[in-house]
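Number of protein chains: 2
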Amino acid sequence: MAYYSQFSKESLDALRLELEQQLKRYESENHDLNMARGKPCSDQLDLSNALLDIKIPLEKNPNDDFRNYGTLDGIPQTKQLFAELLEVDPSEIIIGGNSSLNMMYSTLAKVMLFGTSEEETPWCHIKDLKFLCPVPGYDRHFAICQKFGMEMINIDMTDEGPDMDQVEALVANDPTIKGIWCVPKFSNPTGITYSDRVVERLAKMKTAATDFRIIWDNAYVVHELYNDTEPLMNIMEACKAAGTQDRPYLFTSMSKVTFAGASVAAMAASKNNIDFILGIMGVQTIGSDKINQYRHSAFLKDLQGVKNHMKKHAQIIKPKFDLVLKILDEKLTDRQIATWSVPRGGYFINLDVMDGCAKEVVEMAESVGLKLTPAGATYPYGKDPFDRNIRIAPTFPPMDELEKAIEILCVCIELVSIHKYIERLDHQEEMAQ
Amino acid sequence: MAYYSQFSKESLDALRLELEQQLKRYESENHDLNMARGKPCSDQLDLSNALLDIKIPLEKNPNDDFRNYGTLDGIPQTKQLFAELLEVDPSEIIIGGNSSLNMMYSTLAKVMLFGTSEEETPWCHIKDLKFLCPVPGYDRHFAICQKFGMEMINIDMTDEGPDMDQVEALVANDPTIKGIWCVPKFSNPTGITYSDRVVERLAKMKTAATDFRIIWDNAYVVHELYNDTEPLMNIMEACKAAGTQDRPYLFTSMSKVTFAGASVAAMAASKNNIDFILGIMGVQTIGSDKINQYRHSAFLKDLQGVKNHMKKHAQIIKPKFDLVLKILDEKLTDRQIATWSVPRGGYFINLDVMDGCAKEVVEMAESVGLKLTPAGATYPYGKDPFDRNIRIAPTFPPMDELEKAIEILCVCIELVSIHKYIERLDHQEEMAQ
Chain A
0 MAYYSQFSKE
10 SLDALRLELE
20 QQLKRYESEN
30 HDLNMARGKP
40 CSDQLDLSNA
50 LLDIKIPLEK
60 NPNDDFRNYG
70 TLDGIPQTKQ
80 LFAELLEVDP
90 SEIIIGGNSS
100 LNMMYSTLAK
110 VMLFGTSEEE
120 TPWCHIKDLK
130 FLCPVPGYDR
140 HFAICQKFGM
150 EMINIDMTDE
160 GPDMDQVEAL
170 VANDPTIKGI
180 WCVPKFSNPT
190 GITYSDRVVE
200 RLAKMKTAAT
210 DFRIIWDNAY
220 VVHELYNDTE
230 PLMNIMEACK
240 AAGTQDRPYL
250 FTSMSKVTFA
260 GASVAAMAAS
270 KNNIDFILGI
280 MGVQTIGSDK
290 INQYRHSAFL
300 KDLQGVKNHM
310 KKHAQIIKPK
320 FDLVLKILDE
330 KLTDRQIATW
340 SVPRGGYFIN
350 LDVMDGCAKE
360 VVEMAESVGL
370 KLTPAGATYP
380 YGKDPFDRNI
390 RIAPTFPPMD
400 ELEKAIEILC
410 VCIELVSIHK
420 YIERLDHQEE
430 MAQ
Chain B
0 MAYYSQFSKE
10 SLDALRLELE
20 QQLKRYESEN
30 HDLNMARGKP
40 CSDQLDLSNA
50 LLDIKIPLEK
60 NPNDDFRNYG
70 TLDGIPQTKQ
80 LFAELLEVDP
90 SEIIIGGNSS
100 LNMMYSTLAK
110 VMLFGTSEEE
120 TPWCHIKDLK
130 FLCPVPGYDR
140 HFAICQKFGM
150 EMINIDMTDE
160 GPDMDQVEAL
170 VANDPTIKGI
180 WCVPKFSNPT
190 GITYSDRVVE
200 RLAKMKTAAT
210 DFRIIWDNAY
220 VVHELYNDTE
230 PLMNIMEACK
240 AAGTQDRPYL
250 FTSMSKVTFA
260 GASVAAMAAS
270 KNNIDFILGI
280 MGVQTIGSDK
290 INQYRHSAFL
300 KDLQGVKNHM
310 KKHAQIIKPK
320 FDLVLKILDE
330 KLTDRQIATW
340 SVPRGGYFIN
350 LDVMDGCAKE
360 VVEMAESVGL
370 KLTPAGATYP
380 YGKDPFDRNI
390 RIAPTFPPMD
400 ELEKAIEILC
410 VCIELVSIHK
420 YIERLDHQEE
430 MAQ
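From first to last, the protein sequence lines stand for chains A and B.
Residue 138 in numbering that gives the first Met the number 0 is what sits at position 139 of the first sequence, and the numbering runs on without skipping anything.
Residue 299 in numbering that gives the first Met the number 0 is what sits at position 300 of the second sequence, and the numbering runs on without skipping anything.
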């Protein structure tokens, strides 16, 4: 039985007054707190400062000079590093610039203009394009679909990935459903990692569209908070086994490994896909920044080097996750007015408040100087059908600011929830009269 | 009167034998020479090695950290630098990644998918798209048009830019002609700089297409070989004066200032265009590599700093241009079988051999170990209607290799020309019988 339903209206009113006083005190403190985006903090960035001092070898052979033009798909050592990360062959890798988001947008823009292969219709010439969006999910994925005029279809997230019954039923019959967004490990924002069963079903499912694509945004591939590794089935191998190897486009980047704004991104795909994409990329550019590629390879060395480096990130950010979870637990568990994820990696804590309360909570927090990810942002078109989901990004603020931020957030959640309960009581009274 | 036409068939045959012997000697020397692309040489790249040692300020304010996410359009100091280079306001600048080619492709890809503005039709939904291509021109421009399925229309280059009578007549009546490629300064490959009159006519001309765009690829904006500056009228000001400020998209990069493969590119455009493009870019990426932007700004400082730096480039590459021109003059001027440009900047010498000979010359050179830009590459679809244009890129090879390369090239030109003359004589004999 819910905590507040045991309270009389008078008790609720007293509590409301007390919380409103608290909110006013926060307001008078003139806070400027920000938990809106999944950004690394300065201490995390400092972990990679040695990247700036990497000596670039000035090759004797001028045809092999990192400073000059050339090498469309990336230098061998960086392809090797990303191949280890994404568990594919280096020949299945293309290195991009500093942003995997840019690679995802650009890959889909290519598919819009040129199709997924010579044989397929460019998506810009297909009416009623649709894309599956597991929700809650990543707002920047949804923004790309929206920009390309694709209708987005919500798919419920379960604790082992997207609800595959929904997915299979939809893709089997509708050839205008062209793909699905996936953040398969430490999903943004729910934090879950896809089960083997889900990965296999994604690989094996029958799709009415012959050019169906899985956008496999493995942004948090090595972003563990704990010492043990959360296993994720290899989608490329699963698809090869199922004969659907052209289905997945894999992406990742070093943005949350080294420097968020100045790292190296990569994609992986089947040989068919790589050849087709490189055919267009060869018209688009002569190649990405090889000096930055070299810096990253020299600094991180190999998968084990990346994993060792990520342990240092975990040492900095796990205490932040722990602090948020501790305060949420202390302030809200008994109240039974919110539930939240306890992620083992990634960048977010996923918070569900009472239905119909998320927007009000976020607005109230902002009114006293705490900026959160906008309510609804985790849903296509910014529309959370339940108005309950809030994404918490604990990495960027320093510990003292984070503590204050979560305290404020909890007060806002309590207050909005109490308003809701009081409304309910008022409504019951009205009905009884 | 042409030199070889004074020769008897016997004299020509003797000369042919001599040149063929020479060619065999070259073949036996196993050369591996490359003048195919406009690449800087190692000595040029070395001029910017200090860029690698620039200290990145680690900001006290974490919201203003070059290492972190953010700043879609570029950091202020780099926008300021490019604004000086392109003679526009910093608010009219967007900083990109390492490649202006990528920015051009990506801007046109946006126009294909979204149009030039909210009001205009996306070009991918327009049939019979056409683009004007001054010829000879830059093969990578033409490759973009071809990839996007645009019909390319050749426009003759004069010694002051594209033939504006042709351009004006075409654009006035055909709304499917959507734009024109321009390399306005030290044009690739002819080396000419557009006259004020041409720039003004481009700005003022009436276009049937309301979304006509000038792609102003100012790749060689500061790439002087001589101490004096070759003036170029400001297209943005000319267009503002003519009320066509949304017509030009300007591009340039530091690729041939610092590191060809790891520099910073930028575009400039009217406020309307910048707003529209940033609106799409905001979906595409969080921003380009700010660390590399900072390095460039700190290393080059301002326009004067860039100009000083370019003088060092000129010291390295002008002797290469001079050597090529000297050998061409010694070997070919008297023969009257070729003409070539004497550029005051840029990266190329434009060579015209006798009609119908370019392909054979390039193939012959390749057969003895000298790789040139493919004949025809300077024309849309790789088709030089006269088969006479060859682009010489003298910057990359060391002086000794360059000398050998041009000697080989001259022998090939002589030999192919003599074949042509002998053919003519044979033909005349046949006709006389």
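The set of hints was computed from the structure by calculation and includes no laboratory data.
Treat each hint with caution, since some may be false.
Which copy is meant is left open, so a pair is good if it fits within one copy or across any two.
[As the list claims (entries may be wrong)] Listed below are the simulated BS3-like cross-link pairs for lysine-lysine, each with C-alpha atoms no more than 30 Å apart in a straight line:
id: 1; residue 1: K54; residue 2: K311
id: 2; residue 1: K419; residue 2: K403
id: 3; residue 1: K146; residue 2: K270
id: 4; residue 1: K54; residue 2: K310
id: 5; residue 1: K54; residue 2: K239
id: 6; residue 1: K358; residue 2: K403
id: 7; residue 1: K300; residue 2: K239
To see whether the hints hold, each was checked on the structure:
no.	hint	in the structure
1	K54 <-> K311	both (23 Å within a copy, 24 Å between copies)
2	K419 <-> K403	within (24 Å within a copy, 86 Å between copies)
3	K146 <-> K270	both (28 Å within a copy, 21 Å between copies)
4	K54 <-> K310	both (25 Å within a copy, 27 Å between copies)
5	K54 <-> K239	neither (40 Å within a copy, 47 Å between copies)
6	K358 <-> K403	within (20 Å within a copy, 73 Å between copies)
7	K300 <-> K239	within (28 Å within a copy, 52 Å between copies)
This entry does not satisfy hint 5, going by the numbered hints stated previously; all others are met.
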